[in-house]
Amino acid sequence: MTEQELAFTQDELDEIERIKAKFPTNKAATLRVLWVAQEKYGHVKPEVQNLVADTLDLPRSHVHGVASFYTQYYKEETGTYVLDVCTCLSCQVCGGYDILHHLEDELGIKAGETTEDGMFTIQEVECLGACGYAPMLQVTNGVYANNLTKEKVDKLIENLRKGKKPEFESMVMRQNEKRKKELSQ
Amino acid sequence: MPEVFIDNERYEFEGDYMALQFILDLGKEVPFFCYHPSMSIPANCRQCMVKAGQYIKDEETGEYELDENGERKIRWFPKMQTSCALKLSDGMVIQTQETSEEAERAQKDTLEFLLINHPLDCPICDQAGECPLQIQTYKYGPEGSRFEVKKVHKPKRVQLGPRVTLDAERCINCTRCVRFAEEISETNQLTIVSRGDKNYPMTAPSETFDDPYSLNTVDICPVGALTSTDFRFKARVWEMNQTPSIDITNGKGCNIDLWTRDNEVLRITPRHNPEVNDYWMPDEGREAFEQFNKNRVSRPSITLDENNQSNTSWNNAVETFAEILEAHDPDQLAVFGTPHASVEENYAFNKFFNLLGASNARFTPHIIPGYGDDFLITDDQAPNTNGCRLINLEETDDTGIQSAVTSAKVVIILSDDLVGRGVLSADDLADRYTISLATNQSDTTEASDLVIPITCVAEHAASYVNIDGRIQRSFPAKETKYTNRRLNLEMSEGRLDRYGTNFDNWVNEEHKIDCLPVWEFLNHLGERIGLEFQYDHSRAIFDEMSDRIDPLKGISYERMDEELGVQLPIEQQEVTQA
Numbered sequence: 001m002t003e004q005e006l007a008f009t010q011d012e013l014d015e016i017e018r019i020k021a022k023f024p025t026n027k028a029a030t031l032r033v034l035w036v037a038q039e040k041y042g043h044v045k046p047e048v049q050n051l052v053a054d055t056l057d058l059p060r061s062h063v064h065g066v067a068s069f070y071t072q073y074y075k076e077e078t079g080t081y082v083l084d085v086c087t088c089l090s091c092q093v094c095g096g097y098d099i100l101h102h103l104e105d106e107l108g109i110k111a112g113e114t115t116e117d118g119m120f121t122i123q124e125v126e127c128l129g130a131c132g133y134a135p136m137l138q139v140t141n142g143v144y145a146n147n148l149t150k151e152k153v154d155k156l157i158e159n160l161r162k163g164k165k166p167e168f169e170s171m172v173m174r175q176n177e178k179r180k181k182e183l184s185q
Numbered sequence: 001m002p003e004v005f006i007d008n009e010r011y012e013f014e015g016d017y018m019a020l021q022f023i024l025d026l027g028k029e030v031p032f033f034c035y036h037p038s039m040s041i042p043a044n045c046r047q048c049m050v051k052a053g054q055y056i057k058d059e060e061t062g063e064y065e066l067d068e069n070g071e072r073k074i075r076w077f078p079k080m081q082t083s084c085a086l087k088l089s090d091g092m093v094i095q096t097q098e099t100s101e102e103a104e105r106a107q108k109d110t111l112e113f114l115l116i117n118h119p120l121d122c123p124i125c126d127q128a129g130e131c132p133l134q135i136q137t138y139k140y141g142p143e144g145s146r147f148e149v150k151k152v153h154k155p156k157r158v159q160l161g162p163r164v165t166l167d168a169e170r171c172i173n174c175t176r177c178v179r180f181a182e183e184i185s186e187t188n189q190l191t192i193v194s195r196g197d198k199n200y201p202m203t204a205p206s207e208t209f210d211d212p213y214s215l216n217t218v219d220i221c222p223v224g225a226l227t228s229t230d231f232r233f234k235a236r237v238w239e240m241n242q243t244p245s246i247d248i249t250n251g252k253g254c255n256i257d258l259w260t261r262d263n264e265v266l267r268i269t270p271r272h273n274p275e276v277n278d279y280w281m282p283d284e285g286r287e288a289f290e291q292f293n294k295n296r297v298s299r300p301s302i303t304l305d306e307n308n309q310s311n312t313s314w315n316n317a318v319e320t321f322a323e324i325l326e327a328h329d330p331d332q333l334a335v336f337g338t339p340h341a342s343v344e345e346n347y348a349f350n351k352f353f354n355l356l357g358a359s360n361a362r363f364t365p366h367i368i369p370g371y372g373d374d375f376l377i378t379d380d381q382a383p384n385t386n387g388c389r390l391i392n393l394e395e396t397d398d399t400g401i402q403s404a405v406t407s408a409k410v411v412i413i414l415s416d417d418l419v420g421r422g423v424l425s426a427d428d429l430a431d432r433y434t435i436s437l438a439t440n441q442s443d444t445t446e447a448s449d450l451v452i453p454i455t456c457v458a459e460h461a462a463s464y465v466n467i468d469g470r471i472q473r474s475f476p477a478k479e480t481k482y483t484n485r486r487l488n489l490e491m492s493e494g495r496l497d498r499y500g501t502n503f504d505n506w507v508n509e510e511h512k513i514d515c516l517p518v519w520e521f522l523n524h525l526g527e528r529i530g531l532e533f534q535y536d537h538s539r540a541i542f543d544e545m546s547d548r549i550d551p552l553k554g555i556s557y558e559r560m561d562e563e564l565g566v567q568l569p570i571e572q573q574e575v576t577q578a
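Protein sequence lines correspond, in order, to chains A and B. If you read the first sequence in the UniProt record's numbering, its first letter stands for residue 1, the second for the next number, and so on. If you read the second sequence in the UniProt record's numbering, its first letter stands for residue 1, the second for the next number, and so on.
Each hint should be verified, as a subset may be incorrect.
What the hints assert, rightly or not - SDA-like cross-link-like pairs, simulated, lysine to any residue; straight-line CA separation at most 20 angstroms: (1) B:K154 - A:N50; (2) B:K28 - B:Q136; (3) B:K234 - B:D427; (4) A:K40 - A:N50; (5) A:K75 - B:R195; (6) A:K27 - B:I184; (7) B:K198 - A:F69.
What the hints assert, rightly or not - For the chain B half of the interface with chain A, some residues (derived, Cβ under 10 angstroms), not all of them: (8) S145; (9) V178; (10) A181; (11) E183; (12) I192; (13) V193; (14) N199; (15) T203; (16) A204; (17) S206; (18) E207.
Simulated from the structure, these hints should not be mistaken for lab results. Even glycine gets a Cβ: it sits at the ideal position worked out from N, Cα and C.
Use the sequences and the hints to build the structure in full.
Shown next as structure tokens:
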């Protein structure tokens, strides 16, 4: 994709104007506008970063620095679904690597790679703050799939292939389950 | 007056001060990396930790509360403070590493962290010897590292731009370079990419670090991460010799240091002068090191037949020059001074031909309109345009120079590439006997019949008046065939100059140019034609000028040295295209 082909539509520009109005400076709106761009293109490769910088009238280096800081911005093209498998301490203890390796075997790719059909990308990530429901993974910067087992992962993949994303589930830590039951009664 | 207590000593202060700058101004030391007096304070290296607190004052009586020993009670701040960002207030108590073991420990631990992923390749690093990280680790750092795991590797030898090479592993992410590009040169070309232990400074992928001031980031880099592509691996800093001088590539007259080894200028760095260039200089000025070493005119040369120049002896050069002068009337001479040479050279040169009966030398400014910016790059391409005006050389435009040449039989040009910069063509000079007194080979010396090699700014002590009317001077930095570092007390001696001998294979006697200062050559010429003209040193010329020229009254080399140049009481002349 060349730089000339990249452009925001009028609707998107209007949204960017609304975002800018919320912040004292354009610089402060960088994160949100990068997000708009990633939703549009599915990634923020350097040319998209430049588009954001030029739209916001910011130095290209600044936008590049911000985009490269956050792993949630994809600096390369990814699959339709990005599976961020947590292998940080709690998940690791509860079998995070088993889940990761199972996924890798199922999809025939390694962490950091994308399947040939462009459907899935697997990433090994650090703590996503869901230690109580370990092991877990996150689907494309969105919903979490918690308390994973190999069967649950297979089901998840199957659903995603059909285009069905997991629903958000409200989670309760095991030690609080009793209290939750009492409250709901 | 508000008072502050640093390491148990009482100091008074007035106005706003940050603790670190105040401590540095006292001549004391606290280690730091990211702080720079001319840029914003991010306090991100965490190296300048001090223990700080406040004497407790009774709010009603305004008296200090005392403990049982009669000492004032101190309320310590709950954590160590970064002194660079700690604003002094009345009754503040600060303990640096000198008096506080906690501060000493905090600094030591910070250094241990900074060094975790630092490659410790000092033996091959250009920064070694002038590296704040190296120096401060010696002074305040831990004895060894407790980190036993593999270090994080990052990109090496990255060409950030045409002049700057990055070694990301050495970077400690102080962001000085990023802040320089944001706040000083305002090109915003740099940022820190990635995060955690993987981050380093970088340009945007579609950009290159071609900032006209990019090499300043190499100076302020407190480690060897940013290095000058030109100077990389050329010399160890402790083997070089540092001589103060003036940038002669434009009209601003940035204060610089010339770094020489074996009489070659290897690099040029800015010297702090708050009145002129602060801590900075343009990259162009640094590239001048080549013109001091290469393509020099060495030994006089004379045109034998049509286009064939040949080296000749100084005696023959003086003889030829004298015969030409004797064969022509003074009004047949066209004598050109130059804004590219110093005040002393122009003055002595002009005076010599005045004594012969010629009228004042002409000069034309070397201006490229629109070339400059509002910072340190000027339209004026010459360092001494105002100096030529000061000594009343006749200012003229290009056509003035051309018509002077047309009506003359002999053309004498002082150190100005009039052909190269398009004022004259080689054909204009073809039918006239042309004598060039020049530092470097150029189109003008090629079109000349007699070329006299003269010293450049790196070889003599002389003064230059910048576009703002400030007079500043140079020191001899490299030896010519006829000078000797050990005898000339004005020259500085590096370690190799002092301890090396001709018999050591690491000392090189080459690179000495066979040239003379203009005044010394004119001494010989004057003696030959019986003219009363004798200057032993540029200092003698300057003394005579300060006696005779009003704006220079009371000014001497000593004053220039002490005051980092002297602002002359001359009208600010807008340098315009003549």
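Violations among the numbered hints
1, 3, 8 and 11
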